[in-house]
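Next come the chains, spelled out residue by residue.
Number of protein chains: 2
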Amino acid sequence: MAGKIIIVGLGPGNYFDMTARAKSAIESAEVIAGYKTYVNLIPELVAGKKIIATAMMQETLRAELAISEAQKNLSVAVISSGDAGIYGMAGLVIEKILDLPENLQPEFEVVAGISAVNSAAAILGAPLMHDFAVISLSDLLTDWQLIKKRVKCAAEGDFVIALYNPKSKKRVTQIEEVQQILLKIKNPQTPVGIVTNAGRAGQIKIISTLEKFTQEEINMFSLILIGNSKTFVKNNFMITPRGYEIKQGVQ
Amino acid sequence: MAGKIIIVGLGPGNYFDMTARAKSAIESAEVIAGYKTYVNLIPELVAGKKIIATAMMQETLRAELAISEAQKNLSVAVISSGDAGIYGMAGLVIEKILDLPENLQPEFEVVAGISAVNSAAAILGAPLMHDFAVISLSDLLTDWQLIKKRVKCAAEGDFVIALYNPKSKKRVTQIEEVQQILLKIKNPQTPVGIVTNAGRAGQIKIISTLEKFTQEEINMFSLILIGNSKTFVKNNFMITPRGYEIKQGVQ
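As you go down the protein sequences, you meet chains L and G in turn. First residue of the first sequence: 45, per the working numbering; consecutive thereafter. First residue of the second sequence: 45, per the working numbering; consecutive thereafter.
Bound-form chain L, shown alone:
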């Protein structure tokens, strides 16, 4: 008999921004699997439990270890920061489970969380009042040409654009390429918000413009939000109007 795996989104990583469902799922689990930086964000919740804390990039191993624990009829929580369903662990764990013969498949459930795009938006003001596109600049598993194409399509559709993984120690030029693609289509004065360590110690909020934002500090803990053609900045808050006011004839 196989146990159950709950794939849980922690949100930004502080208890206050976690849902009651996420907290309860972690509390009731016998085994916790997660990237060690995230496990370390919730020491009180995981105390006394068996911990499978693997390094970054070891997602596949982590998913397999979690499943093998559940197959011992244990309850397992696999944790992701943000929303486990947005660039998180949900996909990999579910794929691995459904690849197994049916009698070896643990039950599973995904518990949504506050993703970085939600947290960053709340900190910046109200940039997501209209349609938006979410793009990860990590090219580890995605062809860079496709990522660039998506940036171009998102700009042509005048979406607000959220960039996950904009920069890492080894990957520093992509954000400038993205900026160049956007500058061909969008106004250089388009507001750009950068939130680093949203909802965690060391949170930084910067509001800049499309023309200048790459001069700011951006790292792997940053989320970047690029406005649409109507987004404006007032008193250091970034706001996208909820509509284009066509009914009032303002357009």
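One should not assume that every hint holds.
Put simply, identical chains are the same to the list, so a pair is met inside one copy or across any two.
[To be verified] BS3-like cross-link-like pairs, simulated, lysine-lysine; straight-line CA separation at most 30 angstroms: (1) K214 x K274; (2) K196 x K230; (3) K48 x K140; (4) K230 x K93; (5) K116 x K214; (6) K256 x K213; (7) K116 x K93; (8) K67 x K48; (9) K94 x K249; (10) K274 x K192; (11) K140 x K249; (12) K48 x K94; (13) K48 x K278; (14) K94 x K256; (15) K278 x K67; (16) K140 x K278; (17) K193 x K230; (18) K67 x K249; (19) K278 x K116; (20) K80 x K67; (21) K230 x K214.
Keep in mind that the hints were calculated from the coordinates and are not lab data.
Given the coordinates of chain L, assemble chain G onto it according to the supplied hints.
Just chain G now, with coordinates in the frame of chain L:
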């Protein structure tokens, strides 16, 4: 002296999927402002408080009433379902506040919540493991031509596409127009997930295809997720692989 307004995302509307920050903000507020259907979702939290419950479409009035309560030095929680920062009340309230002379501006804060796209994804499996675009089909405040253009751009970029407000009693043909636009670009067998009343009483999950999904029950409480070219369905779960596996040469 002006009080404080907290614009709070409830998540789907059950206590279990609310963050501790949202719950605490509502508990500590003296006045609650919100669309009455959402106020009614949380009777225990709002009991004994002054309630400003306006009808749908009265967002501007609701924002103004909330601000005038805060100007009496009361603490006010303006509630939205989902994430107040995603098609919610955050933008309108902040705009109205920042339009006031500085000495009449209440303090404000946005508390993020689980939006419909997060909830629906968790119910469907793991459809948001890769880049996605979020589009509202409501043409009350947005020109329908722009909405159609965004649908086309999102399809050309092979984004997973989340559709908010796909259909209402008066607005029934748009979803079929969207389907036709997508069928010109995407495979007719592309998986489509429909979640209605996510996380609430009467929750329904349907997995269909691009070719057929408009035959299913879709209403104003539905969120639709349309897969990218790699999204697949297995055991009635919808999964988008997290990458295109280029590093393994599978592509």
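Going through the hints against the structure:
Taking CA atoms no more than 30 angstroms apart as the test, K214 paired with K274 passes between copies only; the shortest distance there is 28 angstroms, against 34 angstroms inside one copy. For a Cα distance limit of 30 angstroms, the shortest separation of K196 from K230 qualifies both inside one copy, at 10 angstroms, and across copies, at 18 angstroms. Within a single copy, K48 and K140 get their C-alpha atoms as close as 14 angstroms, which meets the 30 angstroms cut-off; across copies the closest is 48 angstroms, which misses it. Taking the shortest alpha-carbon separations for K230 and K93, neither the intra-copy value of 51 angstroms nor the inter-copy value of 46 angstroms comes in at or below 30 angstroms.
For a Cα distance limit of 30 angstroms, the shortest separation of K116 from K214 qualifies neither inside one copy, at 39 angstroms, nor across copies, at 53 angstroms. Proximity of K256 to K213 under the C-alpha cut-off of 30 angstroms is restricted to the intra-copy arrangement: shortest distance 21 angstroms within a copy versus 46 angstroms between copies. Taking the shortest alpha-carbon separations for K116 and K93, only the intra-copy value of 15 angstroms comes in at or below 30 angstroms, while the best inter-copy value is 50 angstroms. Taking identical chains as interchangeable, the C-alpha atoms of K67 and K48 lie at most 30 angstroms apart whether they share a chain (16 angstroms) or sit on different chains (28 angstroms).
When the C-alpha separation of K94 and K249 is checked against a cutoff of 30 angstroms, the pair qualifies neither within a copy, at 36 angstroms, nor between copies, at 34 angstroms. For the homomeric pair K274 and K192, the shortest alpha-carbon distances inside one copy (23 angstroms) and between copies (18 angstroms) are both at most 30 angstroms. Within a single copy, K140 and K249 get their C-alpha atoms only as close as 38 angstroms, which misses the 30 angstroms cut-off; across copies the closest is 22 angstroms, which meets it. Within a single copy, K48 and K94 get their C-alpha atoms as close as 15 angstroms, which meets the 30 angstroms cut-off; across copies the closest is 43 angstroms, which misses it.
For the homomeric pair K48 and K278, the shortest alpha-carbon distance between copies (18 angstroms) is at most 30 angstroms, but the shortest distance inside one copy (48 angstroms) is not. In this homomeric assembly, K94 and K256 never come within 30 angstroms of each other (Cα to Cα): the closest approach is 47 angstroms inside a single copy and 46 angstroms across copies. With identical chains, the CA atoms of K278 and K67 are at most 30 angstroms apart between copies only, with a shortest distance of 29 angstroms across copies and 36 angstroms within one. When the C-alpha separation of K140 and K278 is checked against a cutoff of 30 angstroms, the pair qualifies only between copies, where the shortest distance is 12 angstroms, while the shortest distance within a copy is 47 angstroms.
In this homomeric assembly, K193 and K230 come within 30 angstroms of each other (Cα to Cα) both inside a single copy, at 15 angstroms, and across copies, at 16 angstroms. Within a single copy, K67 and K249 get their C-alpha atoms as close as 27 angstroms, and across copies as close as 25 angstroms, so both meet the 30 angstroms cut-off. Taking identical chains as interchangeable, the C-alpha atoms of K278 and K116 lie at most 30 angstroms apart only when they sit on different chains, with a minimum of 24 angstroms there against 56 angstroms within one chain. Both within a single protomer and between protomers do K80 and K67 lie at most 30 angstroms apart by alpha-carbon distance, with minima of 18 angstroms and 29 angstroms respectively.
For a Cα distance limit of 30 angstroms, the shortest separation of K230 from K214 inside one copy, 28 angstroms, qualifies, whereas the shortest one across copies, 35 angstroms, does not.
Consistency note: the structure conflicts with the earlier hints numbered 4, 5, 9, 14.
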